[in-house]
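Here's the letter readout for the chains.
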Amino acid sequence: MSGFAWAFARDLRLAWRHPGETLMVVAFFVLVASLFPLGVGAEPQLLRRIGSGVIWVCALLAAFLSLSSLFASDYLDGTLEQMVLSPRPMIGWTSGKIAAHWAATGLPLTLLSPLLALQYGLDADTVAILALGLALGTPLLSLLGAACSALTLGARGGGVLLALLALPLFVPVLIFGAGAAEAQASGLSAAPHLSLLGAGLIVGAMALPPAACAAIRIALD
Amino acid sequence: MSAIEATGLACSRGDSRLFRDISFSLAPGEWLAVRGANGSGKTTLLRCVAGLTRLDCGEVKWNGKPVREVASDFRAAMLYAGHAPGIKDELTAAENLRDALALRGTRPDDAVIDDALKAVGLEKHRRIPARRLSAGQRRRIGMARLTLDSASCWILDEPLAALDSQGESMFAGLLATHLQRGGCALIATHHDIGATPPREVRLTP
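Chains as they are written, first to last, in the working numbering: chain A, 179 to 399; chain B, 639 to 843.
Among the hints, a few may not be true.
[To be verified] Chain A is faced by these chain B residues, among others (derived, beta-carbon under 10 angstroms): (1) R685; (2) L690; (3) A740; (4) P746; (5) K756.
None of these hints come from the bench; they were simulated from the model. Idealized CB from N, CA, C, for every residue including glycine.
Just chain A, same shape as in the assembly:
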């Protein structure tokens, strides 16, 4: 069994055994997205206009919420040391952990987004593009977040530091993700935005796990 499979299976098992975290992320997403219509008024025109942007911001914040514990619990209970010292390359299990994080947070958010989009009265094509954008964007959020989360390991005030590091890096994902749905809604092609998100995901998948590995090594030094 490779390091990737080991970490992926173990983290999903932990998430299953301890579903509070995933449920909290999902509940946060649904609640905040439902608060907006109450705050800005229930005018259908306005809601349709802001819907995709609001859902993207909510998904981004919800994904951010779960980042702090990605490596921190393994760091505290000593598992991270064991993983670094295992004969297998670090990159495998680091990627496995990131993939499991996405499966436990980004994936449920993506699957739920059409439901929330209906609440905002988005049309079917825009809903599809929104979900597709989230499917490409949330893995990238997990990758970016993992590198930042590894950098803040062991730092005092890690939570605030993590927000300062990660949220600015999330900005391009938000722009292209929300931009895709926006373009679709206004009758333009969403393809350029989605292509850029896809390209970002590929670059991120190659560059960010090694960055997270390097940060973990520094944290354990």
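Here the structure of chain A is known, so what remains is to put chain B in place on it, guided by the hints.
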């Protein structure tokens, strides 16, 4: 030939120097006791040898070759157990043990895992989440791991902490078997472990 050999190890933390000029060598069947007062750098020395913490200077050799060159061989042959035992509260003792072994590439049968847990006195606790186990019982999961892992070099940080006297003698037995099989061990401890007399490194703050 010595299995593990360290020459001129030095490490500092910030401005304070923890230790310098530490040298030792261990042949198969020997163990090294790392002794010293609290805060003298025992843990850091072990972490340096394991490759977690960077050395200021000095070199560690594994079977005559610098560990930098044979890093994956060394990691496959070395088992490190630090202060934090690497046990997940949500998982049971058996699952924790299976995960720890799988990470190092061994996948024993359930029966083998159950036998190992029985041997360290955890047969009644193997199906409950580790959060309900005491500190000593968590240590015993670590001991079960020592029995099932094929590592030839143990690096253990205070392995007797939180263990009762029966656990201590059980550990001494494990160590003796390990040394007889030609393994070696680096152990930071304040206790006298009743195995073959160790080589010693004494750290002064």
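Hint-by-hint comparison with the structure:
1. The interface hint given for B/R685 is met, as the beta carbon of that residue sits about 8 angstroms from the closest beta carbon of chain A, less than 10 angstroms.
2. A distance limit of 10 angstroms between C-beta atoms decides the matter here; for B/L690 the minimum to chain A is near 5 angstroms, and the interface restraint holds.
3. Hint status for B/A740 relative to chain A: holds, with the closest Cβ pair at about 6 angstroms, below 10 angstroms.
4. Because the beta carbon of B/P746 sits about 13 angstroms from the nearest beta carbon in chain A, more than 10 angstroms, this interface hint is broken.
5. A hinted interface residue such as B/K756 counts as satisfied when its beta carbon comes closer than 10 angstroms to some beta carbon of chain A; here the least separation is about 23 angstroms, so the hint is violated.
When each numbered hint is compared with the structure, violations occur for hints 4 and 5.
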